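**Student:** The chain contents come next:
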Amino acid sequence: MLKSMIRFRSAFAELLFPALCLALVCGCDRPGTPEQPAKPGTKPIVIGVSLMNLASEFIGMINQSIEARAKELGVQLIVTDAQRSPEKQVQQVEGFIARKVDAIILNPCEVEASSPAVTKALAAGIPIINVNSETRTAPTAFVGSRDEESARIAMDYIATRLNGHGNVLMMQGFLGQAAQIKRDQGAREVLKSRPGLKLLADQTAEWDRAKAISLMENWIQAHGTNIQAVFAQNDEMGMGALLALEQAKLKEKVIVVSVDAISDALQAVKAGRLDATVFQDARGQGSTAVDTALSILRKQPFSPQVFIPFQLVTRTNISNYTK
Amino acid sequence: MGWLLEICDITKSFSGVPVLNGVSLSLQAGEIHALVGENGAGKSTLMKVVAGLHQPDAGELRLDGNPTRFRSPHEALLAGVAMIHQELLPFLDLTVAENIFMGIEPVSGPGWIDRPALHRKTVELLDRLGLKIPPDRRMRELRVAEMQTVEILKALAHNARLIIMDEPTSALTDREAGALFAILNDLRQRGASIIYISHKLEEVFRLADRVTILRDGCHVATHPIGGITTEALISLMVGRPLANRPRSAPGRAAPPILSVRNLALGRRFNNVSFDLAPGEVLGIAGLMGAGRSSLLSALYGLDPADSGQISIGGRALKISSPRNALDAGIGLVTEDRKVSGFIPLFGPRQNMTLAALRRWCRFGWIDQAAESAVADEQIRLFGIRASGRDQPVLRLSGGNQQKVVLARSMLAGPGVLLLDEPTRGIDIAAKEEVHRIVSDLARNGTAILLVSSELPELLSLSHRLLVMCEGRITGTLDPRTTTQEEILTLAMPG
Amino acid sequence: MSPKPATPKSRTVLRLLERFGLVIVLLIIGTALTLLQPQFLTSANLLNVARQISINGILAVGVTYVLLTGGVDLSLGSIVALTGVVAATFAHPGEWPVLVPIALGILSGACCGALNGLVITRGRIAPFIVTLGMMTLARGLALLLSNGRPVSNLGTGFLAVGGDFLGFPVQILILLAIAGASRLFLSNMRLGRHIFAVGGNEEASRAAGLNVAGIKTFAYTMSGGLAGLAGVMLAARITTGQPNAGVAYELDAIAAAVIGGTSLSGGVGGIGGTLLGALLMGVINNGLDLLNVSSYYQQIIKGIIIIGAVWLDRRQRN
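Chains as they are written, first to last, in the working numbering: chain A, 1 to 323; chain B, 1001 to 1494; chain C, 2001 to 2318.
Since the hints were derived computationally from the structure, they do not count as laboratory data.
These numbers come from a predicted model, not from an experiment.
Glycine included, C-beta positions come from ideal geometry on N, C-alpha and C.
Watch out, some of these pointers could steer you wrong.
Said to hold, decoys possible - A short list of chain B residues far from chain C (calculated; beta carbon distances all over 12 Å): (1) LEU1326; (2) PRO1344; (3) GLN1350; (4) GLY1364; (5) THR1481.
Claimed, not checked - In silico negatives: residues of chain C with every beta carbon more than 10 Å from chain B: (6) ALA2044; (7) GLY2157; (8) LEU2210; (9) VAL2268.
To be verified - Not everything, but these chain C residues come out facing chain B in the computed CB check (under 10 Å): (10) ILE2028; (11) ALA2032; (12) ARG2183; (13) ASN2188; (14) PHE2196; (15) ALA2204; (16) ASN2211.
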């Protein structure tokens, strides 16, 4: 499997420049059309998809599940990547409206700045489904998870492991981003209800593994053996904390829990290094978004807010999440 | 009557080295006061103190009898003291009018520039001095002399009562210099005072009311111009009498080391052919823009020629970069030291070895001891005055900077040395030394192509003299028999 | 005369004084931190600081070459990501000897740098624009090669680059070796001297027969190659090749060099100052974490200290 991946990558390297040129020519539009023979007499349903950032592994997973589900159902997709730019995202949605797509799936970059995309789609009478993140303007339907819930699950796990008593450190995401704010909220709710848990310190490592290693190294200096648990708001930072603790030979004494269930984290849970991660069901979100879009188009009943639940992943249930 | 400006006991040091030592000087309204002295005598520093660019360590300035302190050139300008530097720094892409009124533009309403008023005021100023420069022409399109005039107008626009000029004629032709003197005389009659720094004593005698001599940071003497002779002035400046220069011997009849045939570059010069023999000094005379500097640049590969042939020692070469020229044994001392001559923060050592560093390297490593030894030797040989081989060349006087550049060219071991205005802006003693160096080099077999705007220099150093006009060679003269009139006739277009 | 200076400044005493400015700032901050949090001045913590500055330190040394020529390199962070991914791709356990990923990482970085240099000198385009383009291009390549995913499962031999050797972090040993070699190179080798010359006066360097384009291209290649090394070190430290890593690292590197006295307009500066600059930034980061200063205040304090350090340093020189 790995070998084949490598061959795949080096093949990529050889095709690098042609591929780049192609990307330039094609712009951002990637028609992910499955060669599905359209049923005679009916026009295939077309859904425009605008994603926040395809460079993110998690968004990539959502995209894959959207594409897989669309292929199953014979829906045609136009997938665009806003590359974290809300402005680009609004332009992409305007493009969809101009091309008269049947529905739009929006993975918003930003709560406020991406709102005009929703407003414009609704004004044009095109149903729009937000996936994963919210916008200020309410869309036709929302499919996602409650970020607070993920932090709650992680903190509860720490509380249980520590029997309700101990010192906890929290690594924050990039300050001011929706995920950071909500995960912070969720974690603090648990801390409030569990007076035995003490938050020694909290600091941002900006979702970044290298920064998390440095932060953990500094915390080890400042707090040493007083640390009983670390909650990192994403797996990258959790992995960073883990590496620093292992290097200082303190991992045996400290519980590390993080959120997202990226493959590195799952591997670490399987190996008994990371205590737990929280699984956000990207595939569930992606496929449910496509299902919801079709329900709306077929005038079937649908739920305007679908919450895909988070799941705690520990060594005991890891086999459900790794192949 | 009272003094316009009194300079009292000014002392100033730079990083521990005293540059001015209790200098005093008083200036009347409506006089042109020449300030002379070797470079490094402290003329420019003294004037920069007056103009607010430097703060004195001790002593004071009195303007109209009141103690004054200028913390910036801007403050000085507001008080009516303007300095026009040797190297002009105009806003090249703004118009003449905009340059003149920079900072004091006539405005209307909430800060809009009142363009009609700007134009009108500029025309008034131009008319006052009887000048014909279009007010809305961009500075970039002006000649140096015109730029200088604009600087003077700028000072007048600020109602300057005292204008300091540092070597104003160094980049001017004689005719342009004459026009400048007319303007200065006019200003004097209107009651303005002018401090005039110059190395050209002829100008001093022609223009000034009084002259002050500085030497080594000290005030030596102040005389009414009528009460002193050229010889006396020079001996006060250098502290010793000037020896008569022997006229150099004619070049030997040797096969040419450098042969140039039909060399041409665009509109700069064309059909240039000449031979240069080892040990020969070939002078090139001509007015500004005659193509002399362009010719040297082309020979050195800085601005390669379009067509024609260059041969060294009988072998035709293609010279398309300075590296090619250096490898072929051609060295150049450029006209503009600061722009293309030296690395300002390098000391004499690093500057001198730059073009031939390979010679003191093994496997790319610099042999610092050997390099320093060579540097010290060259410093002694060229008589370079610096606090050490690593004192930034930026802080040396113009003459010493020039000697560093000369030393660098010579260390590259050229058979042919191209000199472009080698004594421009350097003091008399340093000039003498450069002349001696040039003669010595020629005696030791170096072929020298010398471009200079000073005819006495050309006449005393050259074995043969070419005259260029509008990109062409218009004559070859024998410096022993020719006259200045003959040279000028060939150099003037038409 | 004592050994030759890395800067073309005149006297050794003067040079020491210049250096002194930054050393004083470091001493003041170090003393304050020790008083507030005794844990700061322990060998374990100082090793921590050393480990944490090594990647920025290497990048800062690299960008010093470019700054000395009067240029700038904004592509460093993206090159770190690209080379980290390249190295990680060849660092899976049991596939290639450990030198292969390391060499390929450095090489790919050097290629990016060389490309920067060639486009800047041949195309006569401002370094700011060219390296800005490379910043995007290299990031794109990193994402393309990795499919936008972290490349993990790396061999222990490769990960040793991020570990310790005889009690010392390998990374800091690499930084010291690179910095030492660069210092010697810049002050004692012909090409090093030429780099200062080009930054000091490009026109005069050309007139002195120097191959200005070649010298500049060399500086960018050096900068890129060292960014490649930093990418390898980062991948070993975080045990993955991250296509999203290294964002804005170039700014920290440039800040370190400038704090250390390297001029943005070229010709002035040196490796010693750059190292001190990187050290100052590392100490501030570490100290603020130790003191448990809130994240919001941390950013404000860092900004003030960076500007203040440069201000103090420049004052010291006048």
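**Student:** GLY1364 of chain B: least C-beta distance to chain C exceeds 12 Å?
**Tutor:** violated (5 Å)
**Student:** Holds or violated: is there a CB of chain B closer than 10 Å to the CB of ALA2032 of chain C?
**Tutor:** Where the cut-off is 10 Å and the nearest Cβ of chain B is about 33 Å from ALA2032 of chain C, the hint is violated.
**Student:** Does the claim that THR1481 of chain B lies outside the interface with chain C hold up, using a Cβ gap greater than 12 Å?
**Tutor:** holds (36 Å)
**Student:** Would you say GLY2157 of chain C is clear of chain B, with no C-beta pair closer than or equal to 10 Å?
**Tutor:** holds (33 Å)
**Student:** The output says VAL2268 of chain C does not contact chain B. Does that hold with a beta carbon cutoff of 10 Å?
**Tutor:** violated (6 Å)
**Student:** Verify the interface restraint on PHE2196 of chain C: the C-beta must sit less than 10 Å from at least one C-beta of chain B.
**Tutor:** This interface hint holds because 7 Å falls under the 10 Å limit.
**Student:** Taking the closest Cβ pair, is ASN2188 of chain C under 10 Å from chain B?
**Tutor:** Result: holds, 6 Å to nearest chain B Cβ.
**Student:** Hey, does GLN1350 of chain B actually stay past 12 Å from chain C on C-beta?
**Tutor:** violated (6 Å)
**Student:** Holds or violated: is the Cβ of ASN2211 of chain C closer than 10 Å to a Cβ in chain B?
**Tutor:** Holds: closest Cβ of chain B sits about 7 Å from ASN2211 of chain C, inside 10 Å.
**Student:** Are all beta-carbon distances from LEU2210 of chain C to chain B longer than 10 Å?
**Tutor:** violated (7 Å)
**Student:** For ALA2044 of chain C, is the shortest CB-to-CB distance to chain B above 10 Å, so the non-interface label stands?
**Tutor:** Consistent with the label, ALA2044 of chain C stays out of reach of chain B, its closest Cβ about 40 Å off (over 10 Å).
**Student:** Double-check ILE2028 of chain C for me: the hint is only fine if its C-beta lies closer than 10 Å to a C-beta in chain B.
**Tutor:** Where the cut-off is 10 Å and the nearest Cβ of chain B is about 27 Å from ILE2028 of chain C, the hint is violated.
Comparing the model with each earlier hint shows violations of hints 1, 2, 3, 4, 8, 9, 10, 11 and 12; every other hint is respected.
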